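Engineer: The chain contents come next:
2 protein chains.
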Amino acid sequence: MSILVVGSVAFDTIETPSGRAERCVGGAATHFALAASYFTDVRVIAVVGEDFTAEHEEILKRRGIDTRGIEHTKGKSFFWSGSYLKDLNEAQTLNTELNVFQSFSPKIPAEYEDSEFLFLANIDPVLQADVRRKMPRAKLVCGDTMNYWINDHAENLARVLKGLDGLLINDTEVKLLAKEGNLVAAAEKILEMGPKSLVVKHGEYGATAFFSDRLFPGEDGISVPFRAPALPLAEVVDPTGAGDSFAGGFFGYIASQKELTSAVFKKAMFYGGVMGSFAVERFGTERLQKLDPNEVEERFALFRKLSHLE
Amino acid sequence: MSILVVGSVAFDTIETPSGRAERCVGGAATHFALAASYFTDVRVIAVVGEDFTAEHEEILKRRGIDTRGIEHTKGKSFFWSGSYLKDLNEAQTLNTELNVFQSFSPKIPAEYEDSEFLFLANIDPVLQADVRRKMPRAKLVCGDTMNYWINDHAENLARVLKGLDGLLINDTEVKLLAKEGNLVAAAEKILEMGPKSLVVKHGEYGATAFFSDRLFPGEDGISVPFRAPALPLAEVVDPTGAGDSFAGGFFGYIASQKELTSAVFKKAMFYGGVMGSFAVERFGTERLQKLDPNEVEERFALFRKLSHLE
Chain A
390 MSILVVGSVA FDTIETPSGR AERCVGGAAT HFALAASYFT DVRVIAVVGE DFTAEHEEIL
450 KRRGIDTRGI EHTKGKSFFW SGSYLKDLNE AQTLNTELNV FQSFSPKIPA EYEDSEFLFL
510 ANIDPVLQAD VRRKMPRAKL VCGDTMNYWI NDHAENLARV LKGLDGLLIN DTEVKLLAKE
570 GNLVAAAEKI LEMGPKSLVV KHGEYGATAF FSDRLFPGED GISVPFRAPA LPLAEVVDPT
630 GAGDSFAGGF FGYIASQKEL TSAVFKKAMF YGGVMGSFAV ERFGTERLQK LDPNEVEERF
690 ALFRKLSHLE
Chain B
390 MSILVVGSVA FDTIETPSGR AERCVGGAAT HFALAASYFT DVRVIAVVGE DFTAEHEEIL
450 KRRGIDTRGI EHTKGKSFFW SGSYLKDLNE AQTLNTELNV FQSFSPKIPA EYEDSEFLFL
510 ANIDPVLQAD VRRKMPRAKL VCGDTMNYWI NDHAENLARV LKGLDGLLIN DTEVKLLAKE
570 GNLVAAAEKI LEMGPKSLVV KHGEYGATAF FSDRLFPGED GISVPFRAPA LPLAEVVDPT
630 GAGDSFAGGF FGYIASQKEL TSAVFKKAMF YGGVMGSFAV ERFGTERLQK LDPNEVEERF
690 ALFRKLSHLE
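As you go down the protein sequences, you meet chains A and B in turn.
First residue of the first sequence? That's 390 in this note's numbering, and the numbers climb one at a time after it.
First residue of the second sequence? That's 390 in this note's numbering, and the numbers climb one at a time after it.
Just so you know, these hints were derived from the structure itself, not from any lab.
Note that this is a predicted model, so its numbers are computed, not measured.
Be aware that a few hints might be false.
Since the list can't tell identical chains apart, any single copy or any two copies may satisfy a pair.
Said to hold, decoys possible - Dumping the calculated DSSO-like pairs for lysine-lysine here, alpha-carbon to alpha-carbon at most 27 Å: (1) Lys578 <-> Lys694; (2) Lys450 <-> Lys528; (3) Lys694 <-> Lys655; (4) Lys551 <-> Lys496; (5) Lys475 <-> Lys578; (6) Lys564 <-> Lys694; (7) Lys694 <-> Lys647; (8) Lys551 <-> Lys523; (9) Lys694 <-> Lys585; (10) Lys568 <-> Lys551; (11) Lys463 <-> Lys496; (12) Lys585 <-> Lys568.
All chains, full assembly: derive it from the sequences and hints.
Structural biologist: Written out as structure tokens, the structure reads:
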């Protein structure tokens, strides 16, 4: 089944203890789409500027990703630069230039309208809501957000949350959104805001999913969360896009399955961790551009081995 | 099989967002012994003062713990007070009075000498080494330590590390001991210092074990660690002793088994998490004093459910 993702396609300049990379093709939609492309068909809605050439787009196309929804417009592409020199777990933003993203109005190509799976990557919730409205046939919708939208665009974000089957955010965002320091209490509050499930990304410690009864009626609900591990790595080269790659592996696996059961959801959490673990092994999207499908399955087996009693 | 634990038996005054508890019976050996008592026989070596009455000792005795090695001496028991009002994940120490612990010289009752399992809880590494020397028949030795010994007593600690089958410490201590910020690289360095395995406690995110080839020859070694989850709890009443309770569940389960295999080690990590999760549900050792063995097995089943794909 096809996934439609809307989000940023951008250039990133990144410095980490392992080195420096200039103007890598990045952005949430890019990391998400590449990760998801190992599981299912992916279509992208985004906007880029004149600096985004056919060669850059080829990075997505080579993985079979449908880029007809990437709008090319006058001006420069979204640019972000950040440093992980102080802390590998949290980027220090050095520069953000929204550029063409500032006046972005998402257009859905007719060929995209039958997408059954919709992922609203981290962008202005007004745009997320707009795309959701334009995709009435999407049967499963997940999304991401960040501190800036939680703090300063709460009402717009609240509208988006109501329509989500799953919200994927990190610990800090969870506590900020719920105004609650305890993870379980925060998760309960967030599920009451609308999302039928919440996936909390813990970085190097894995991820935890909380389920509402509305997602899997008759099952345990919020009382039994699910924790998926992350892979301890001897070197994290570049954490940029790890969370988006997690989301791509997670949602890509779900879209590849006939039905969303709790067993599929849990396995998807593992595939999320798998794709996140590949993402951080090289700068930018380098590692996700040319994985062997066997590598994905081997790492999935490793994730199982490192967390299962037998 | 019997475990001998040497460590502190103390009084703790604790404040957390859930309230305040005055002079609870605490200390690393107390939490450890209570947690381990659900799995095997436990013997304690410690020193207490005149303020530690028969009634206090009864807390251990009621769980069948052998307290003949608790020396009663003139003066006051070790006292600690701490606050978790700022951060539930890290105690702010308000007061530490070593009292009778200052001149402690461990004596091993003759009845303890056949203990096959030895746990060196967090005390002066000179005392840890002394007890190790006095217990030549111990066939499996694990231990704990803390920042203070790592920073200021490195040489003494190094001697203890050489003789350990397992070292159980938290993330901060691992990075400090290895002088290395990456967990995997730090674990490699620490295994080279002597311990045949390293269990890193991550608090609310569970724990990770790294194995050396010397512990399980012919198996994966350090290349495949093992991660056990922690239980997301809606209220953490008092985190004091969670790590010691983890160690008690972990080592207690190991001592209850015929042989230490990697399968037993992994299951022990789960039982460690189980006992840690009970410990934090009430102030001090209240929850660990009177668990039903069925509760332990039920929670083990919950830990499996929250981390296993099927």
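Engineer: All hints are to be evaluated individually against the structure, with a verdict given for each.
Structural biologist: Hint-by-hint comparison with the structure:
Within a single copy, Lys578 and Lys694 get their C-alpha atoms only as close as 33 Å, which misses the 27 Å cut-off; across copies the closest is 23 Å, which meets it. When the C-alpha separation of Lys450 and Lys528 is checked against a cutoff of 27 Å, the pair qualifies only within one copy, where the shortest distance is 25 Å, while the shortest distance between copies is 60 Å. Proximity of Lys694 and Lys655 under a CA criterion of 27 Å is satisfied in both settings, with 15 Å inside one chain copy and 11 Å between copies. In this homomeric assembly, Lys551 and Lys496 come within 27 Å of each other (Cα to Cα) only inside a single copy, at 23 Å, whereas the closest approach across copies is 65 Å.
In the homo-oligomer, the alpha carbons of Lys475 and Lys578 lie at most 27 Å apart only across protomers (22 Å), although the nearest pairing inside one protomer, at 33 Å, exceeds that limit. Proximity of Lys564 to Lys694 under the C-alpha cut-off of 27 Å is restricted to the inter-copy arrangement: shortest distance 25 Å between copies versus 31 Å within a copy. In the homo-oligomer, the alpha carbons of Lys694 and Lys647 lie at most 27 Å apart both inside one protomer (26 Å) and across protomers (23 Å), since each shortest distance falls under that limit. Taking the shortest Cα distances, Lys551 and Lys523 sit within 27 Å of each other inside one copy (16 Å), while across copies they are farther apart (65 Å).
Taking CA atoms no more than 27 Å apart as the test, Lys694 paired with Lys585 passes between copies only; the shortest distance there is 20 Å, against 29 Å inside one copy. In this assembly of identical chains, the alpha carbons of Lys568 and Lys551 lie at most 27 Å apart only when taken from the same copy (18 Å versus 47 Å across copies). Taking the shortest Cα distances, Lys463 and Lys496 sit within 27 Å of each other inside one copy (16 Å), while across copies they are farther apart (81 Å). When the C-alpha separation of Lys585 and Lys568 is checked against a cutoff of 27 Å, the pair qualifies only within one copy, where the shortest distance is 19 Å, while the shortest distance between copies is 43 Å.
The structure shown violates none of the earlier numbered hints.
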